[in-house]
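**Q** Read off the chains here:
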Amino acid sequence: RKEVEQDPGPFNVPEGATVAFNCTYSNSASQSFFWYRQDCRKEPKLLMSVYSSGNEDGRFTAQLNRASQYISLLIRDSKLSDSATYLCVVNRYYGQNFVFGPGTRLSVLP
Amino acid sequence: EPEVTQTPSHQVTQMGQEVILRCVPISNHLYFYWYRQILGQKVEFLVSFYNNEISEKSEIFDDQFSVERPDGSNFTLKIRSTKLEDSAMYFCASSDQTSGRVEQYFGPGTRLTVT
Numbered sequence: 030r031k032e033v034e035q036d037p038g039p040f041n042v043p044e045g046a047t048v049a050f051n052c053t054y055s056n057s058a059s060q061s062f063f064w065y066r067q068d069c070r071k072e073p074k075l076l077m078s079v080y081s082s083g084n085e086d087g088r089f090t091a092q093l094n095r096a097s098q099y100i101s102l103l104i105r106d107s108k109l110s111d112s113a114t115y116l117c118v119v120n121r122y123y124g125q126n127f128v129f130g131p132g133t134r135l136s137v138l139p
Numbered sequence: 028e029p030e031v032t033q034t035p036s037h038q039v040t041q042m043g044q045e046v047i048l049r050c051v052p053i054s055n056h057l058y059f060y061w062y063r064q065i066l067g068q069k070v071e072f073l074v075s076f077y078n079n080e081i082s083e084k085s086e087i088f089d090d091q092f093s094v095e096r097p098d099g100s101n102f103t104l105k106i107r108s109t110k111l112e113d114s115a116m117y118f119c120a121s122s123d124q125t126s127g128r129v130e131q132y133f134g135p136g137t138r139l140t141v142t
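Protein sequence lines correspond, in order, to chains A and B. Everything in the first sequence is counted per our numbering, starting at 30 for the first residue and increasing by one. Everything in the second sequence is counted per our numbering, starting at 28 for the first residue and increasing by one.
One chain only, chain A, in its complex shape (with noise of 0.2 Å):
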């Protein structure tokens, strides 16, 4: 089984839609929990943290489900400039290795 797992997309949705990716992890020992964004043959940019309460940032809200093992995203309100690869990422401890998921593809289209 692979360590991060995504669905790859794509995902193509209106703007103005409400747009929702998943992400599992398989290691129980992963610690901290992010998700990047990936424009096309740019480097990943962190778009937020993942917390275990749960942590919204304008548009974008992030849930961790520990028992579970999985982490998401919704999108609220998607706007054309939010067409990306979006990157869930993992890591154990401080200062060790980022496990990135394959990421899932967003379409937002006018």
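In case anyone wonders, no lab produced these hints; they're calculated from the structure.
Per label pair, the in silico range of CB-to-CB distance: (1) A:F89 with B:Q124: 22 to 28 Å; (2) B:S82 with A:F89: 30 to 36 Å; (3) A:A49 with B:S100: 39 to 45 Å; (4) B:R128 with A:L109: 29 to 35 Å; (5) B:R128 with A:R88: 20 to 26 Å; (6) A:E85 with B:S126: 17 to 23 Å; (7) A:E85 with B:H37: 37 to 43 Å; (8) A:K71 with B:S82: 23 to 29 Å; (9) A:K71 with B:K105: 22 to 28 Å.
Don't be surprised by glycine CBs; every beta carbon is placed ideally from N, CA and C.
Position chain B against the provided structure of chain A, taking the given hints into account.
**A** Same frame as chain A, now just chain B:
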């Protein structure tokens, strides 16, 4: 806003040649990393570096790879004898690791093409 920088943005080299990819991490960060991404594939960890030594490395990071922090600001990745399959984007990242902050910030990458 401080950022990680990388040079060059694109490097073309012939198989068997040595290449050095350069990175300047964010200045107060303590941990440095190299990742690679082969076109169309996921981002893969290569190596992490802390306190002037490698703290972790992946199976990909074999004897042809080495890292160095030659001075107080640069962090380099050397590939001794490049192979065709080394063609990829190479991303440098750094993180603070103080106050529980483990987020990693990535540079814009160096696209390495081995011919």
